[in-house]
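Generate coordinates for the entire structure from the input sequences, incorporating the hints supplied.
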Amino acid sequence: FTTADIAKIVLIMGIGGVLCTIGIILNTSLLFVFSRLRIRNTNLIYLVILACFDIGVEICFILVFIVKLIWEYYGNYFAFLAWHDYIALISAIGQTLIASSVYFIVAASLDRYMASIGRKFRSKDRIVAIWCAVMIGCLTKLPFYLEVEKVIDENCEGTFSYKELMRTNITKSEFYSQVYMFYTRNIVNVFLPFLLLLLFNLAAVHNLSRQRRPDVLIESPPLMGHPNVNNRSSLKDASRTLIALVSSYLLTNTLHLCITVVEFIAPHLTEEYEEWYTFFADLSSILAVSATALRLPVYFATNGNIRLRFR
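Just so you know, we're using the working numbering here: the sequence shown kicks off at 18 and counts up by one.
Simulated from the structure, these hints should not be mistaken for lab results. Mixed in with the good hints, there may be bad ones.
What the hints assert, rightly or not - Here are the simulated DSS-like cross-link-like pairs (lysine-lysine), alpha carbons at most 27 Å apart as the crow flies:
id: 1; residue 1: Lys-167; residue 2: Lys-189
id: 2; residue 1: Lys-189; residue 2: Lys-85
id: 3; residue 1: Lys-85; residue 2: Lys-167
Unchecked claim - Cβ pair distances, simulated, as ranges:
id: 4; residue 1: Glu-191; residue 2: Lys-137; range: 25 to 35 Å
id: 5; residue 1: Gly-135; residue 2: Leu-106; range: 43 to 53 Å
id: 6; residue 1: Leu-274; residue 2: Tyr-94; range: 22 to 32 Å
id: 7; residue 1: Met-183; residue 2: Gly-135; range: 49 to 59 Å
Keep in mind it's a predicted model, so treat the numbers as computed, not measured. In this text, a Cβ means the ideal position worked out from N, Cα and C, and glycines have one as well.
Rendered as structure tokens:
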């Protein structure tokens, strides 16, 4: 193994594998906690859906990245065959889940902003926002399934040489590859969420500070059998939870944003420094997974109701 190979194995299989395992366990625990809260008519619904999608993202990460390293570096033929059979579908699903998840956070921030100006979302408004987030994810990422195909060449020598992934004809269209795959996806899935999260949260904080009242997005409903005695404290907890959620997303996706900027303004650098580009791309994936894996610690640190449920 070269130094680059060892770094990739440690980063993807070691750190990534541990984060995904922890994330699946913690997000499953989080769903159990939410199942004991009255969330149907509250904006905690965003966090419930987000936890479900996070589990899906972590499973997809294992199937896409870790299984690839298993056959690539350890010669597992079964993993090689299975990976090439499912990679297009699982990659499309994983990318769709990620794209939708960020817009759940955007919807939560918009909900919080509307609350700060005295126009709270109703339950049906939240359902519409959730469906819009899912549709954005589907429209921008699900077509990836049609963009790659498995090619079999029986004339190639070597056990692992007769299968490879190739771009389909649809990607040869300049309009599709440039306008849709590059510009539309990067703007809708990278730049726009960053901008919206910053704007909504800064505006909400400004409005709340000016009005000096604790109207925030995520309402903390009473625990089953544990009514909220101090509602102001619950609202403060809810505010801290959303701020921490947005901050963790912005911090863990900043590297991805920087990589996308480089791809926009200086694409030649990605070829000149291919090894570094690959390393930072892998690192950005690990950071994104870390955000999904650490939701529960973030909620536990900022929300007293959730802490109470773990006692």
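Here is what the structure says about each hint:
no.	hint	verdict
1	Lys-167 / Lys-189	holds (16 Å)
2	Lys-189 / Lys-85	holds (26 Å)
3	Lys-85 / Lys-167	holds (15 Å)
4	Glu-191 / Lys-137: 25 to 35 Å	violated (46 Å)
5	Gly-135 / Leu-106: 43 to 53 Å	holds (45 Å)
6	Leu-274 / Tyr-94: 22 to 32 Å	violated (38 Å)
7	Met-183 / Gly-135: 49 to 59 Å	holds (55 Å)
Of the hints listed earlier, those the structure fails to meet are numbers 4 and 6, in rising order.
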